[in-house]
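If you read the protein sequences in the order shown, they are chains A and B. Read in numbering that gives the first Met the number 0, the first sequence has 247 at position 248, and its numbers run on one by one without any break. Read in numbering that gives the first Met the number 0, the second sequence has 84 at position 85, and its numbers run on one by one without any break.
Possibly wrong hints are sitting among the right ones.
Here are the simulated SDA-like cross-link-like pairs (lysine to any residue), alpha carbons at most 25 Å apart as the crow flies [claimed, not checked]:
(1) B:Lys381 - A:Asp344
(2) B:Lys5 - B:Arg73
(3) A:Lys306 - A:Ser5
(4) B:Lys5 - A:Leu4
(5) A:Lys302 - A:Asp344
(6) B:Lys9 - B:Pro251
(7) B:Lys30 - B:Glu83
(8) A:Lys306 - B:Ala295
(9) B:Lys272 - A:Arg311
(10) A:Lys9 - B:Asn217
(11) B:Lys9 - A:Tyr261
(12) B:Lys381 - A:Phe275
(13) A:Lys22 - A:Asp344
Chain B is faced by these chain A residues, among others (derived, beta-carbon under 10 Å) [claimed, not checked]:
(14) Leu4
(15) Gly273
(16) Gln290
(17) Met295
(18) Val320
Over 12 Å on every C-beta distance to chain A, these chain B residues come out as not near it, computed from the model [to be verified]:
(19) Arg145
(20) Asn175
(21) Thr193
(22) His209
(23) Val222
(24) Ala290
Bear in mind the hints are in silico, worked out from the structure with no lab data behind them. Where a beta carbon is used, it is the ideal one built from N, C-alpha and C, also for glycine.
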Amino acid sequence: MDLSLSDEQKQLQESAERFVREKYTFENRRKIAATERGWLLENWAQFAELGWLAIPFSEDDGGIGFGSIGTMIVMEQFGKGLVLEPFLPTVVLGGGLIASAGSKAQKEALLAPMIEGKKQFALAWLERQSRYNLADISLKATKEGAGWSLSGHKGVVYNAASADQIIVLARTAGSAREDKGLTLFVVDGKAKGLSRRDYPTQDAFRASELTFDKVSVGADAVLGKVDAAFPVVEDSVDRAIVALCAEATGCMDAINAATLEYIKTRKQFGVPIGKFQVLQHRMVDCFTNAQEARSMTLMASLKIDDKDGIVRRKAASGAKVQIGKSGKFCGQSAVQMHGGMGVTDELSVSHYFKRLTMIDMMFGNQQHHLTRYSNLAMAA
Amino acid sequence: MDLALKPEHKTFADEVRDFARKNLSPATKAKTFSGKHYDRDDHMVWQQALGKKGWLAYTWPKKYGGPGWDITQRFLFENVLAEESAPRIIPFGVKMVGPVIYTFATDEQKERFLPGIRSSSVSWCQGYSEPGAGSDLANLRTRAKRDGDHYIVNGQKTWTSSAHWADWIFCLVRTNTEAKPQEGISFLLIDMKTPGITVRPIIMLDGAHHVNDVFFDNVRVPVANCIGKENEGWTCAKFLLANERLGIAEVPASKRGVRTLRSISEDPSLAEKIADVDLQVQALEMSELRALSAMAAGGAPGPEVSTLKVRGSEIQQRIAELAMEAVGEYAAPYQPGMLFQDTNETPVGPDHAPPAAPRYFNMRKTSIYGGSTEIQKNIVSKMVLGL
Numbered sequence: 000m001d002l003s004l005s006d007e008q009k010q011l012q013e014s015a016e017r018f019v020r021e022k023y024t025f026e027n028r029r030k031i032a033a034t035e036r037g038w039l040l041e042n043w044a045q046f047a048e049l050g051w052l053a054i055p056f057s058e059d060d061g062g063i064g065f066g067s068i069g070t071m072i073v074m075e076q077f078g079k080g081l082v083l084e085p086f087l088p089t090v091v092l093g094g095g096l097i098a099s100a101g102s103k104a105q106k107e108a109l110l111a112p113m114i115e116g117k118k119q120f121a122l123a124w125l126e127r128q129s130r131y132n133l134a135d136i137s138l139k140a141t142k143e144g145a146g147w148s149l150s151g152h153k154g155v156v157y158n159a160a161s162a163d164q165i166i167v168l169a170r171t172a173g174s175a176r177e178d179k180g181l182t183l184f185v186v187d188g189k190a191k192g193l194s195r196r197d198y199p200t201q202d203a204f205r206a207s208e209l210t211f212d213k214v215s216v217g218a219d220a221v222l223g224k225v226d227a228a229f230p231v232v233e234d235s236v237d238r239a240i241v242a243l244c245a246e247a248t249g250c251m252d253a254i255n256a257a258t259l260e261y262i263k264t265r266k267q268f269g270v271p272i273g274k275f276q277v278l279q280h281r282m283v284d285c286f287t288n289a290q291e292a293r294s295m296t297l298m299a300s301l302k303i304d305d306k307d308g309i310v311r312r313k314a315a316s317g318a319k320v321q322i323g324k325s326g327k328f329c330g331q332s333a334v335q336m337h338g339g340m341g342v343t344d345e346l347s348v349s350h351y352f353k354r355l356t357m358i359d360m361m362f363g364n365q366q367h368h369l370t371r372y373s374n375l376a377m378a379a
Numbered sequence: 000m001d002l003a004l005k006p007e008h009k010t011f012a013d014e015v016r017d018f019a020r021k022n023l024s025p026a027t028k029a030k031t032f033s034g035k036h037y038d039r040d041d042h043m044v045w046q047q048a049l050g051k052k053g054w055l056a057y058t059w060p061k062k063y064g065g066p067g068w069d070i071t072q073r074f075l076f077e078n079v080l081a082e083e084s085a086p087r088i089i090p091f092g093v094k095m096v097g098p099v100i101y102t103f104a105t106d107e108q109k110e111r112f113l114p115g116i117r118s119s120s121v122s123w124c125q126g127y128s129e130p131g132a133g134s135d136l137a138n139l140r141t142r143a144k145r146d147g148d149h150y151i152v153n154g155q156k157t158w159t160s161s162a163h164w165a166d167w168i169f170c171l172v173r174t175n176t177e178a179k180p181q182e183g184i185s186f187l188l189i190d191m192k193t194p195g196i197t198v199r200p201i202i203m204l205d206g207a208h209h210v211n212d213v214f215f216d217n218v219r220v221p222v223a224n225c226i227g228k229e230n231e232g233w234t235c236a237k238f239l240l241a242n243e244r245l246g247i248a249e250v251p252a253s254k255r256g257v258r259t260l261r262s263i264s265e266d267p268s269l270a271e272k273i274a275d276v277d278l279q280v281q282a283l284e285m286s287e288l289r290a291l292s293a294m295a296a297g298g299a300p301g302p303e304v305s306t307l308k309v310r311g312s313e314i315q316q317r318i319a320e321l322a323m324e325a326v327g328e329y330a331a332p333y334q335p336g337m338l339f340q341d342t343n344e345t346p347v348g349p350d351h352a353p354p355a356a357p358r359y360f361n362m363r364k365t366s367i368y369g370g371s372t373e374i375q376k377n378i379v380s381k382m383v384l385g386l
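Extracted from the complex, chain B is given alone in its bound form (with noise of 0.2 Å):
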């Protein structure tokens, strides 16, 4: 046992941050720093740079086009790519759809959607939650009827991230509404620009558009577009789902998070409470590298990981709570200039100020997204402790 780095390690490391400064635009960076939103050239300049390296599906086995990591070299890779104020990777196609589909889908679909994600010249969004299937998923009644060598989809998506930025949605539709509700879901990729696709923006309470309603209406897609066997696509919805709760606690951001917190506090009744979200998110990281580890000695992640995205998302609140505080009154100017939009205007009271509500309105999606706190309680007492 031991957590030292090895001198191939420390080099390694240094190559990521050299290629973060080299590559990341300042323009981008200084929205991190500000708070301010990322639009889509942001992201994809970034992600097209880490692809062209050959590292945007970092977490890819060698023989799908992944660098072939090990779990120390995904470690720092993700930190000191937090460490360097870089975008989050979005997640939808390196670390969602990409998975099932080298897990789940036939030569020939590989071939054809894979080197898009690597190189994120193709972009992604999901097609999980309906108005009546959230937490109860298998509820979804986004239909998909046979015709031929087509599917006609109708229906609906919700909370759909990115999805006014994507070229192409996975969804899970129902191809047999006779079987038990598990039973007769299929995994579907749609291309956005299919004729009978309506994306509706869905304004969030800190005045942000992230998230879509996504409408179809009798879209006509290839039979050849779904992944894995037809009424067989809850066994890939779940596969996907155990990877996105490993990938959603988010520690190098909280890492980033609690230096902020540290430098623009000044308040020293706040010192300790930084001080024990500062311990949380280590003992988050330990327990993320644990189960890494495990991982590493064979298979999937576990039903435990979902403890993980529960303390993390408890945790990346609490750090948005103590933004706000150390702002006090002035977490009240409403700046939307300052957050959307290229602006020289100075921001009322001190520059870390505008984001700080927002940010914490808006943190408020992370115990609700990627299945509930509740929902994962549930999985850990079903699954772990067999209650």
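Chain A with its partners taken away, still in its complex shape (with noise of 0.2 Å):
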């Protein structure tokens, strides 16, 4: 047992810190959520350049074999300057799902060139009616000659407007909510038949509704199994809801910063309206729940590469639930004690709010992992 963080993961925390420093002032970011493609490539060449995007791959995949903990280092930077790069939806769950799925062949098109920067991906498994149910897919795929045809909906799919692939879930046989008969197709971002509304979302991230018409993609487009995707896909979502719970400890710490500076300065009834008791105890429980969001991260993330499976979705589920709880109160009591400044769009604290909020939305909110949390934990 260590909790420490190696020389290694010490250098790229530092490395993720100063990225975030230098190019994610609060100004900085609205002008990058302003762009036509809402982040910059020039920023996605530098994630290229630092090895960023090699971070989670082992060494047989052209990775760096950071590991688990990599990403919640870097995840957890990018939380603090609310970064827009479409780490998410390109790294963890584009390349997790390839790394963990693909043919040979498979990574060697996709997963090389999108560790050099050449590639963007992004995770179509949502519908209309879906909710948080990761099997309730009725977008379908039928065969058609030697390949596929898909013809259906997606929605909320993250970076698919910037996506050069666009990993599918589409059901191959079964009925609406079966986990069984589901498969991935990866179908290219321009393919005929694919249509896209690009909108931006509540926290200036770019996502899309797809509607696919006839697609036709090749037998060499299924990734993974055919009928069998369902685990690969819960497993990688798993992953991507760590990654997604270290950004929101970031964010968590630095909603908190603000708010501690402002009550620390604001005057009203001739002292700094951090003096108040009601204050500072609201406060000191933002920085508790901040402590315990981290620490569940932080377990979550040495747990998510166990190779049991229940122990990884309970992990996945536990932090889940812990960041639905905390963010909801750090964000709630951070703008609570900015008052008037903290509904308005000129502060900080309000995206980091929003951010936060979003993030409970994403791949099952707190109720819903915490009753995903008892079922495991009943079961085992």
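Hints are included, so try docking the two chains, each in its own frame, into the full complex.
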């Protein structure tokens, strides 16, 4: 048992810290969010150069083998700066799925160039009716000659507009909410029959609604085994959840620091409002919440590579419950303690609040994961 | 970074388990299961067995007779003992006064007091709170007046756990009434058999006798029993409180509590509440390990351990609350015989019902003792956040 960062891990942390400090001031972020793409190619090139796109992957897959702790370290810093570059959809989800389910040819064609910074991915799983059920998939893929034809709808697909390839979870057999009969397909972002409606999200990321109208793909577009994608997707989403939790801990540190600074300087009744015990205790509760969020994220990051699937799932759900709870507490408290300024667009606090709120909505909120954890714990 | 245990740690855990199975009396273990109160012997026999093995003072450095364990070993030791239903180690000797003595006392005092603490042949209690000095501890008024090579002690301590069992008491006393409140306090060790000491039981809301008033009426205490310099006892007091806060979170006992909850609760509506407190325990445990790991790298517990005490007490209260919810109406029958006496009486309702409500009542103390939740938050606010 050892909870200290190695020298290599500390270096990674410092370089990610430096990137955020230099490139993600609040005003800079505003400018980046307003660009057409919503993030900067030059930043992505820097990620590639620094080796960050290789962090979670094994050396066999062309990665640097930093594993989930590596992802945790950079995501935490990204959370501090509300970084907009699509690390989660491209590296953690897209790259993660290809690394775990891809053939040798797919890894060469997709993963290697992604690590070099030359490819963007998106994961299209959600449909309008799915809510948090990863198996509630009705987009249909039917056999068409040697290949497949995809028809249906996908929603809130992050990074779809920038993605060279979209990884699509489709139903190849079984009924609507069955976890058997699901298959992953790698679809070209510009495929014929694929149309997009792009939009910004509440927290300044980019996502799209996708319509598939008889989109044809070859047999080699199948990622992993036909009809057997569910466990692969569940595992990848669990990894993405843990990465999101790390991002959320960074957000909480930043929003708490901003609030602490604010209540030390804002004066009312002739004193800084941080002199009032009721605000002091609320601030301490924010601090405690962030501590617990960090503890659960660290534990989940250490357990998400466990051999036992139950351990992995419990770790991801457990951390997501904590992040939902702590994120809401820190976010709402920060806005409240900032008073009127907290509900404006002018300060960073509302932007962190929005990101924390959307993180809770992603891949299952606090309640969803409490139920999932509870069921797993009862079964064990 | 790694949560995995090395093979030698697994062997160590087995050794602790084996020791507990051989040395814990079945009667004591049964009390843990049924929620019956331990008597003095339950504690002493067990602690003396640990002492003989050299494991009672398990947090002490080797130099003072501790085993010199790393944080992983301490973690395993505490967890295995909780899993084996051992009573908690009474903290006043090994966890509280012991570290004060080896940190602040003279060599002569160390030789005199440490062996009895390590072996649990001498039992201790804590004389801190007074009727007028609760959260505002520095306001204490128990007076120790110098008379040659003795102090004459007069005053009253209260909420003194185990005073009716203890051989010795460590006391904060006022040796200077002129100075600022924190600057006139001394840390004094007093033999409970000294003439002039009276112990009066305080019966708590669950019917139990754990705590007492202790009265001092012209009690003569040798000056040689003062730890650290006269009037500088506040330094010892704060050092002890920081240690107390770290140990008070009771994570291993809460883990046992969660397991018990799962085994007794049949109502599916409770399952998610149990899952929620289970996750709170995990977060607390990981926070505690992070704090210990930082401490292993250097120094004493920082003020942030106050948050562990706050969360630890809330969690213990929540577990007790859920255990009561689980028995529903069978929380109501009052069955003191089941809790305090050896009896063959069968419980009214389920086996786990008799202690459920008393335990819920009793656990309200956890957010009050050892520095209330509000005081802990004041500490973090001032010392960590700089407010």
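Okay, the hints, checked on the actual structure:
The hinted pair formed by Lys381 (chain B) and Asp344 (chain A) fails the criterion: a straight-line CA distance of about 31 Å is larger than 25 Å. Restraint check for Lys5 (chain B) and Arg73 (chain B): the C-alpha separation of about 14 Å stays at or below 25 Å, so the hint holds. With a C-alpha separation of about 23 Å, the suggested pairing of Lys306 (chain A) with Ser5 (chain A) holds against the 25 Å cut-off. The suggested pairing of Lys5 (chain B) with Leu4 (chain A) holds, with an alpha-carbon distance near 18 Å, which does not exceed 25 Å.
Proposed proximity of Lys302 (chain A) and Asp344 (chain A) is contradicted: the alpha carbons are some 38 Å apart, above 25 Å. A threshold of 25 Å between alpha carbons decides the hint, and for Lys9 (chain B) with Pro251 (chain B) the separation of about 17 Å falls inside it, so the pair holds. For the hint linking Lys30 (chain B) to Glu83 (chain B), the alpha-carbon distance of about 12 Å falls within 25 Å, and the restraint holds. Distance restraint check for Lys306 (chain A) and Ala295 (chain B): the Cα-Cα separation of roughly 30 Å exceeds the 25 Å cut-off, and the hinted pair is therefore not satisfied.
Proximity of Lys272 (chain B) to Arg311 (chain A) is assessed by CA-CA distance (about 21 Å); at most 25 Å being required, the pair is judged to hold. The straight-line distance between the Cα atoms of Lys9 (chain A) and Asn217 (chain B) is roughly 60 Å, outside the 25 Å bound, and the hint therefore fails. Restraint check for Lys9 (chain B) and Tyr261 (chain A): not satisfied, since their Cα atoms lie roughly 49 Å apart, outside the 25 Å limit. This hinted pair checks out: Lys381 (chain B) and Phe275 (chain A) have alpha carbons roughly 12 Å apart, not beyond 25 Å.
Restraint check: the Cα-Cα separation between Lys22 (chain A) and Asp344 (chain A) comes to about 20 Å, which is no more than 25 Å; the hinted pair holds. This hint holds: Leu4 (chain A) has a C-beta 7 Å from the nearest C-beta of chain B, less than the 10 Å allowed. Checking Gly273 (chain A) against chain B: minimum C-beta separation of about 5 Å stays under 10 Å; hint holds. At a threshold of 10 Å, the smallest CB-CB gap from Gln290 (chain A) to chain B is about 6 Å, leaving the interface hint in force.
For Met295 (chain A), the interface hint holds, since its Cβ comes within 10 Å of a Cβ in chain B; the closest pair sits about 5 Å apart. Checking Val320 (chain A) against chain B by beta carbon gives a least distance of about 5 Å; that is within 10 Å, so the hint holds. In this structure Arg145 (chain B) is separated from chain A by more than 12 Å, as the shortest Cβ-Cβ distance comes to about 39 Å. The Cβ of Asn175 (chain B) sits about 31 Å from the closest Cβ of chain A, beyond the 12 Å cut-off, so the non-interface label holds.
Residue placement check: Thr193 (chain B) keeps its beta carbon more than 12 Å from all beta carbons of chain A (closest about 42 Å). Here His209 (chain B) stays apart from chain A, with its beta-carbon at least about 29 Å from theirs, past the 12 Å limit. Even its closest Cβ contact with chain A, about 41 Å, leaves Val222 (chain B) beyond 12 Å, as expected for a residue assigned away from the interface. Some Cβ of chain A comes within 12 Å of the Cβ of Ala290 (chain B); the nearest lies about 9 Å off, and the non-interface call is violated.
Checked against the numbered hints above, the structure violates hints 1, 5, 8, 10, 11 and 24; every other hint is satisfied.
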